[in-house]
Every structure is written in structure tokens, then in C-alpha cells.
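Asker: Residue strings, one per chain:
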Amino acid sequence: MSTDLVRSTAAELADALAAGEISSVELTRAHLDRIAAVDGPVHAFLHVDADGALDSARAADERRAAGRPASPLDGVPIAVKDVMATRGLPTTCGSRILQGWLPPYDATVVARLREAGLPILGKTNMDEFAMGSSTEHSAYGPTHNPWDLDRIPGGSGGGSAAAVAAFEAPLAIGTDTGGSIRQPGAVTGTVGMKPTYGGVSRYGLVALANSLDQAGPVTRTVLDAALLHEVIGGHDPLDSTSIDQPQPALVEAAREGAGGDLAGVRVGVISQMRGEGWQPGVLARFEESVELLTKAGAEVVEVSCPTFVHALATYYLILPAEASSNLARFDAMRYGLRVLPEGITDPSAEEVMRATRDAGFGAEVKRRIILGTYALSSGYYDAYYGQAQKVRTLIGRDFARAFEQVDVLVSPTAPTTAFPIGEKVDDPLAMYLNDLATIPANLAGVPGISVPNGLADEDGLPTGFQVLAPALADDRVYRVGAALEALLQQEWGGPLIAKAPALEGDR
Amino acid sequence: MPDTPAPSPGTVTREEVRHLADLARIELSDEELDHLAPQLAVILESVTSINEVAAGDIPPTSHPLPLTNVFRDDVVRPGLTAEQALSGAPEQEQQRFKVPRILGDEQ
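Chains as they are written, first to last, in my numbering: chain A, 1 to 507; chain B, 1001 to 1107.
Note that these hints are calculated values from the structure, not bench results. All C-beta atoms, glycine included, are put in the ideal place defined by N, C-alpha and C. Be aware that one or more of the hints could be misleading.
Result set (SDA-like, lysine to any residue): computed pairs, CA atoms no more than 20 Å apart in a straight line [claimed, not checked]: (1) K295(A) / R329(A); (2) K390(A) / E1052(B); (3) K366(A) / G505(A); (4) K366(A) / K1098(B); (5) K499(A) / R7(A); (6) K366(A) / Q1039(B); (7) K366(A) / R1018(B); (8) K1098(B) / R329(A); (9) K390(A) / S1046(B); (10) K390(A) / D1034(B); (11) K366(A) / A328(A); (12) K295(A) / E491(A); (13) K366(A) / R7(A); (14) K295(A) / G264(A); (15) K390(A) / R1018(B); (16) K366(A) / P1059(B); (17) K390(A) / T1013(B); (18) K390(A) / A1055(B); (19) K424(A) / P1038(B); (20) K390(A) / P306(A); (21) K424(A) / D150(A).
Simulated coverage check for chain A against chain B, where a stretch passes if three residues somewhere in it have a Cβ under 8 Å from a Cβ of chain B [unchecked claim]: (22) 141-150; (23) 329-339; (24) 345-359; (25) 374-384.
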């Protein structure tokens, strides 16, 4: 057990709690203190619930003392992305339109965290309604990357990734529509896991794009992600797209993988995900990681997925189309902001709606709603949305063909390391390119993990390694991810995150 | 959009953006329109490439899981109380959401 509580993994903390070496109150307080010390410059949190977290921690300690822990993670604190409805805790989705909204119910993921006894430290920052790859599109200001405070922490879940990278929380919940768990993981040197679509309930997750959204674990180790995944995953009758079958043994797969033996595992390197537009340092770390997998006994081949080059365009038609429809619910009538238009006496509901949505939505949300409205317009529907749905079929077929040859597919998670805040904020196309490697998994609904695999030579910033598996085979990405993590840590002599610079407020 | 001229796919005019914002119930200022219209044109140009990719006989995918209708037993389960449902309302009256007038003068 490390003497520094906030630097321990969730698995270590769970063991220490089970052994009675520490209390959840002590542990939760240590994280609240850490948040107070470093979150000013990092800005991972939009809301901190110290009282609620400590109440939950006390209850966890009582259960442990009575020998009846609610789950293996009972008493281990967690941060939750602000897109998840939390009863009685502000839920803004990073938007002005929901400022101060207190949901009257819990998302299923949140309900499961509470049932499993994890104290909720607070809500983490995000791009508005999860639209973005840098967390700069939050109405409440950007989150800063703990590795370099002048750089982005990825997005949309930059708050959750930065919270675990800055040791403000051992665990966090993210959501991934086109890479919003995995890409922040890559650029902050942390682990991000997008489960199979339907593997984790979407009930109470404020929808961006229903056919793509998936909640999942944000952690510092692969084993911690598997532990959290087993708590939040599984069938939920409140989500009609939830998969009604048992989850694979995820923790077991992560423990097996940590042994470092990949004999007999067939790994496919996606040939479309390298070359032009990829940062040399990202590619160099990727090739080394592939080499490590080979040494561990994996059989590595190159696999071509030709339609993946169209995934970005497909995504930026399907996502805005679904988002424009979903965000119609923010109509200034039942909850959220209501703004009365200036200079109009007795305005109509429609005029109030227009004024509210202008004042309440940021630039990126407006861009995507208008783009989606265009793609769904009569006369354009077939050329845009309809066509994108067909290409989505082709992308699914590329995956199916690839998984006939190999057990998992691998690529770098993101084409570059973290870029400076402000660099791409008003250049939508440049921003969208960050999700090049992560989007195909969302379109096909397959699981994917990002594991930290080194620092790029150019800038000394973290890079990520992505492992993808067929739908429902989430255990495979845990096995391969844990193996790579173990092999890399043997080389480094410890976790990558230990190399992150100290933050002001450290010590 | 029957009431606007139809330009070729992959382009979007300032007037069209104004009309789309109207359909989406977003009031946009002139400055916002000046800024958004060219950005949308660039995005549309970049996504138009997919028109060449899939032939007509490829079936569309709306959803990654091949799910059919999901039914559940018709049993009572707890829901929100009226107070909870109204707790976020901008305005309420007599246990109802209070909204601005919904009809125009001409109606």
C-alpha cells in the first residue's frame, strides 16, 4: 500500500479498505483535499460535493465494519462527467442552458455507483453537450491538461481524464460518442474504455447521439477500468438499447492479461491508421508497443479496413442529425434556461425558444444543430443522412471482415499529442480530426480501450494505444490492454503517470 | 427546404443558414451568421465525399445493434411526483408548466 492515498490505484485502495488499513472517510477526504489544492489551475470539476461524498464514505465504512461491503469498490471515491443525471447534484452538460439544473432522478450508472458504495466527489467538466475534442467548448471555461496546463486535456470528457491524471480521483465516469473517453485518456496518460454499445445503460445520460453514445470507465490502470466496468455495466430495463445478457468476466481478463502472455492472440494493425497526418512521435511509440505485443507471443498482422477513411465524414453527418433532434428538448418550457427576447412585448413560445437557444447554446452546439438540420432536410436527406447510414454499414462490414482474421485490432488512439489551448477552438475541421481513429468503433458499436504507451519525442507528452474488439468481446480489450500495460511498466519501472510534472499545490 | 432556392449539395449560403437556424429555433445575430455560414460550407464540402462511397443497394444502418422492439411487462413502477417533475420549470402555476402564448396574432 502506497503511503500516498491519492496516488494509489483503485484496486490497491479497495484492498486497503477491505483489510481495514484505511477508512473511506480518510480516503475521500484526501481526494477532496487534493481537489482543493490543485483544481484551481486544472479545472477538472464543475461541482464538488464534499458533504455528500463524506456522508457516502461514512456509510461505506459502516458497511465494511459490519463485514457487509456493497461491492469490491465500496468506499472508493469517484468523479462523474456532468452529462450524467445526478439526483440533487447540479447537472449542466457544460452548457449555460442547463446552469443550475438539479435532476430529480439518477442515471442508472449513477444509481449503480451509489448502490455499490462509491462516494461521488463531484461532476467533471466537458465540452458542451459532449461536442468537442478539447473541453474548450465548455460554457464554464476549459479544463487544463495536468501534463502541461497550457494544453488541452482532450474531449469531450477532458474533466474526467484530467481529474484522474491529476490524482483528484482514482476513478471517473466518461461517455464516448466519437472518442470522448479514449482520446482524453490518450492525451492525459490515463486509461479510457468505451464498452460495447448497449453494454452500459444510457438511462439518465443526456443524449448527444443515441446510436453512438456509450458510458464507460476513466481510470489510471486497466484493472481499475475493469473493476469499475463490472459495477456500472449489465442489462438495464430502463434503456431499451441495453444488451440483455451477462457481461464477460472483465476483471478476470485484465488479471490474466497482466501476466503478459499473449500466446495465440491474433492482433491486427489497421493499415489506414498511420502515415500522413499522424505525429511521428505517436507513430514511433505505436510501433514499439506492437513490437512488445509480438514479443509477448501475439501474432501480429496488418489488416486493411478501406472504408475507415470515410468514417469521419459519416460521423459528422450522423452525429449532427441525431444531435439536432435530441437537443430540440431544450425548449425553455419544462426545465433549464428561459430567456425573453428583447424589445418584444408578450413574446410567443417560439420567440422565447429562439432567444433562449441563442443565449443558452455555444458556437459548436449551434454549428452542429444547424448542420444536422441541413442533413435531415427534405431534398438533402438522401444525399447526406441516408448516404451516411449506408457508409456506416460498410464500416461495420470492414470490422466484421477484420475480426474474421484477428481477435483484436490496434491503432494509435489519437493522431497527435495534446495541443495548446486555443489552437483549434474556432477551426471545426481541425478539431474533428482528433477523433479520426476512435470514431469507427462508435459507428459499429464495438468496444475499445486506450492505454498510455509512452511520451512522444517531439514534446514529451503522452500517447495512447487503442485496442478494439468485436461487439460483446470487451474482455479481449482488457486482456490485451492489461498485457501491454504490464510490459510497458516493466520497461519504465512504474506507471507512465508517475512521470507527470508536479502541480502547484503538490506537497 | 421547399421555400429556399436549392443550391448544389456541398454548398450552403448565408440565407440558407438563416433559414436552417429558423427551423432549429435558434435566433442568430448577423455577426453569428457571418461567422457560421462559411464554417458550415467548409464542413459540408468535406463530408460530401461520402456520396461516392456506397452504392444504392447497400442497406442503411441506423443503429449498431440489430434490435427489434423491446417489450416489458405492463407493471406499475415508481415515477416522478408532480413536484419533482416541476422542480426545474422556469415558471409554473397550479401544478402545471407555465409557458408563453403559443398562438400568433394571425391565429
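Asker: Look at each hint and say if it fits the structure.
Answerer: Hints and how they fare:
no., hint, verdict
1, K295(A) / R329(A), "violated, 52 Å"
2, K390(A) / E1052(B), "holds, 11 Å"
3, K366(A) / G505(A), "violated, 38 Å"
4, K366(A) / K1098(B), "violated, 26 Å"
5, K499(A) / R7(A), "holds, 12 Å"
6, K366(A) / Q1039(B), "holds, 12 Å"
7, K366(A) / R1018(B), "holds, 12 Å"
8, K1098(B) / R329(A), "holds, 16 Å"
9, K390(A) / S1046(B), "holds, 17 Å"
10, K390(A) / D1034(B), "violated, 33 Å"
11, K366(A) / A328(A), "holds, 12 Å"
12, K295(A) / E491(A), "holds, 13 Å"
13, K366(A) / R7(A), "violated, 40 Å"
14, K295(A) / G264(A), "holds, 12 Å"
15, K390(A) / R1018(B), "violated, 29 Å"
16, K366(A) / P1059(B), "violated, 31 Å"
17, K390(A) / T1013(B), "violated, 27 Å"
18, K390(A) / A1055(B), "holds, 8 Å"
19, K424(A) / P1038(B), "holds, 16 Å"
20, K390(A) / P306(A), "holds, 15 Å"
21, K424(A) / D150(A), "holds, 13 Å"
22, 141-150, "violated (count 0)"
23, 329-339, "holds (count 8)"
24, 345-359, "holds (count 12)"
25, 374-384, "holds (count 7)"
Hints 1, 3, 4, 10, 13, 15, 16, 17 and 22, counting from the list given before, are not met by this structure.
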